[in-house]
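Participant: What follows is the residue order along each chain.
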Amino acid sequence: MSEVERLSSSSTPDQGVGARLPRKEDDRFMRGRGQYVADIRLPGLRDVAFVRSPLAHGRIKAIHVPERYSGLVFTAADLFGVKPIRAVSGLPGFKISEQPVLATGKVRHVGELVAMCAAPTRAEAEDIAASVTLDLEPLPAVYDMRRAREAGSALVHDHWGDNVFLESVFEVDITPALDAPIKVTREISTARQCMSPLEGRGVVATFDHRLDQLTLYTGAQMPHIVRNGLSDCLGIEQGRIRIISPDIGGGFGHKGILLPEEVCLSWLALEKGLTVRWIEDRYEHLSASANCREHYYNITVYADRDGRLRGIDCEATVDSGAYSSYPFSACLEAAQVASILPGPYRMPAYRCRTFSAATNKCPILPYRGVARTGVCFALEIMLDAVAAEAGLEPAEVRLRNLVGPEEMPFDNITKKHFDSGNYPEAMRRALAAIDIAAVRERQRRKEPDGRLIGVGLSVYCEQAAHGTSVYAGWGIPMVPGHEQATARMTPDGGLEIRVGVHSHGQGLETTLAQVAHEILGIDTAKVRVVHGDTALTPYSTGTWGSRSMVMAGGAVGTACEAIAGRAKHIGAKLLQLDPASVSLRDGRVCGPNSSIGLAEIAHTWYRRPHELPPDVNPGGLEATSGYKPQRDSGTFSYAVHAVIVAVDPDLGDIELLDYVIVEDGGVLVNPMIVDGQIYGGLAQGIGTALYEEMPFDAEGQPLATTLADYLLPGPTEIPEPRLDHMQTASPYTMFGVKGIGEGGAIAPPAAITNAVNDALRPLGVELLRSPISARRIVEAILAAREAEGPAA
Amino acid sequence: MKAAAFAYERPSDLKAALALMAGARGSTRIIAGGQSLGPMLNLRLVRPELLVDIAGLAELKQVDRGGDELVIGACVTHADIEDGRIPDVTRGAMRRVAASIAYRAVRNRGTIGGSLSHADPAADWVCALPALGAKIRLRSTRGLRELAIEDFITGALESALQEAEIVEAVRVPVMRPAARWGYVKACRKPGEFAHAIAAVLIDPESTGARVVVGAIAAPPIVLHDAAPLFGGRVTADFHRQFDARIADAMLAKAGVTNAADRHIHVAVLRRAIAEAAA
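Residue numbers (our numbering), protein chains in the order written: chain A, -10 to 781; chain B, 1052 to 1329.
Hints may contain errors.
In silico EDC-like links for lysine to aspartate or glutamate, alpha-carbon gap of 16 Å or less [stated by the list, open to error]: (1) K1240/B to D698/A; (2) K1053/B to E113/A; (3) K261/A to D36/A; (4) K515/A to D3/A; (5) K1240/B to D637/A; (6) K1053/B to D698/A; (7) K405/A to E160/A.
Derived from the structure by calculation, the hints contain no laboratory data.
Please construct the entire structure, taking both the sequences and the accompanying hints into account.
Facilitator: Written as structure tokens, this is what we have:
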């Protein structure tokens, strides 16, 4: 019996698992009534501005504060007893960085916090900050992750002796691949990016004397993890800290970290008794938070003439920045590269060496897709290169190597356990939808406007909700265990759900209510989901890794099941029936000839306890329950992206003519929300592919510090994709759901770049570096012409 | 970031504005739409002691059609032009240029005089108006003076505006019926600042051609007589006579050293010429 059959109590599919239910939270968002950190007003609130390092690397000789502002400016010297942020990985050889919350000794990236000032307004705080002068001795900036590894490079952390957080190797004997007839080698790289949520970071800190508690309002995906980190840094017990994470205008990983700013403002509240806030502005975001995506690959793929993969040999470097960020650490991303590179493809040999390089840039954070976007970019470009070498259609190479449905569950060469899916079917559907044959014919006909047409494919898989065993292996400060949820019926028959994950665009206030409805049959309008407050919710590692639907959904499901069992017991007594003879359907406990509603049962439990059966479960209609899937190795959702582009070879402009996504996210709790996740992810993927880049100069200065220079895609850049859903249930999770939150952002850079390379292949152009900006395209075309020799 | 403190005045008429400017002791900036100055203030790239807000001055929103020209007040917005709320003497050219400036929200507030005062080499009016043969009228308590737009823009973000002087109006000549107009720009995405702009006004009947190549690191290149780009003479089939090598050499001479930059500028110029010929 499948879990869906076992659990379902709902005969109203318009509200349960699978319903395209409009989002409950949209009412407040669409009316502009969301409450974000910057909306919070507390009496006596002061604004904080930070003095930030203007240099990427320098020794602090002195910090001068004008006499008139003494007592209003705080530096590391004031933060007595505050510990630096440490995110240590247990992987062997990992070098530890200590990130002081205000710089001590050296500054290690532009924008690093050096001092803080509080004033009645942000403008006045900035005036004070501007009056502070830093006496810095400039040091050579480590701005290039590959040069960072060369002997003689300046050192980000002097005592390390090199600039490598961690070197790791994953090898399954590569030698059998070496005699393959096709050997393709490329250098592929991705730009450093800013995650650019609409709302930046924000913190409000105040001290509640009645509760003897620091209250920190912070836009955090992982409120409980922030409390762990704050408690460590400040040396105060967890009970004295309450984290409230209100509405969030986009997380994406940017809000999945313990911030030095959070520690600083907490200190001001604890030690100075101030109620303070800091709201990250766009300049701070761009100049001090370019914190993701920068990868470099030197990769060789071996294949037979028929396109069958013989092996991959890769060396990858990730620019991890100056410090190991809490809790994910500086090495998660690079180490992940080695384990996920082969993806859903079969191959007999594999080797990948990775480096997490320390540089004078801000610490790297996991951005939606984490390493997968870079890995997908590298591997899928390589598969097109193999196809070109073998004279095959790129789709054919993929179909010959993708794991088949009959092999599921499948352990790939790096022992990733693929739970379910039919990858070749997704590919075939995508090919049919994009109509490859028609594109090839159009390419032969040529375009009247001189543009060049190309078609590109990419396949990604997304490991989601991976749990205890996986993260225990990484040895980072955060290992997810059982996910817990509390479900509590109210005396009038409503339901409250409390979860430690955070919803910030995922629509969990709706989808968790759908799960509750599926089991209890309570109208979703009467289900309230409480999240974002450590005082009100069970412990959780929070929202990251596309885990919340699987983990918190499962926890809500088990908590509701517990309530269902107890309600049936009470209901049977009230119906004067044997508890074994009743069932729960549509929110009613039903016997053969009679039934009673949950609302009446709740009324009895709370207000007429004298009518309860003597052996009633004393836990009543409130249950906290923990959940883990049957395996904690994660769910694997996946998709095939197929795109047709037109490239203007004179100006390098790209138009996306058609975009098809065939996606398999397991059983979808709310397909409309999944569509939204894919749209949003696609937008970010298009940004990664075509626009977003934070360049640094040789002094380590970020160069795109306003949105005039750091380009984000907008409505005119994002086509409406054509979506097709497959729904292969995961065998391991409640309802067969899989995590789907990141996938949309993973595949587009690879698919679009492959399409552009397909278009430009007649010109001898192959782009290997993201973003494939118009400028890079023009330069590549001119370079190819140059290589061809002087024009006739 | 928030702007540093400044004094703020909103004079009731142009005379009062000029008097304020003339009497100001410290650094003074005029603000109209504020679409460029606003961000610069917030980033503290400019820190004036006094901000004089002229956005409400009715005198600067006036438009006069007189004889063979249109006089457009400095505070007329891009959207006013785009939407046809003011007369057009350029057979639609200015409306199309206006419609392509940044985003609608910027066009609603940004003004033609403000854009010219800001003198960004990648700005649309800075490049389009010289091709149209427009002039700029400047006023201060010392009096009035007029310059060709190309003489007004003296560098990147530098203009011939003197202390306490205000852009009062722009004078745009009526476009001749035989004249052909082309305006093309390359932007990384719609609404962004251009990295190449070409404006051409070609009149085969009078064998005249004005060509502007803009969005380079310096003021636009303005060719009052662009015949050399067309083999020495502007004929009816001018677009077929366009010589990209001459254009490339012109750009190199103007200091555009990067070959990819020149390639893009020449491609944009070729398209503007093709548009004029279409």
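Participant: For each hint, tell me whether it holds in the structure or not.
Facilitator: Checked hints:
1. A hinted pair counts as satisfied when its Cα atoms are at most 16 Å apart, and K1240/B with D698/A qualifies at roughly 11 Å.
2. At roughly 9 Å between alpha-carbon atoms, K1053/B and E113/A fall within 16 Å of each other, so this suggested pair holds.
3. For the hint linking K261/A to D36/A, the alpha-carbon distance of about 14 Å falls within 16 Å, and the restraint holds.
4. This hinted pair checks out: K515/A and D3/A have alpha carbons roughly 15 Å apart, not beyond 16 Å.
5. Under the criterion of a C-alpha separation no larger than 16 Å, the hint pairing K1240/B with D637/A is consistent with the structure, at around 14 Å.
6. For the given pair, K1053/B sits about 20 Å from D698/A by alpha-carbon distance, which is inconsistent with the 16 Å threshold.
7. Proposed proximity of K405/A and E160/A is supported: the alpha carbons are some 14 Å apart, at most 16 Å.
Hint 6 from the list above is the single one not met by this structure.
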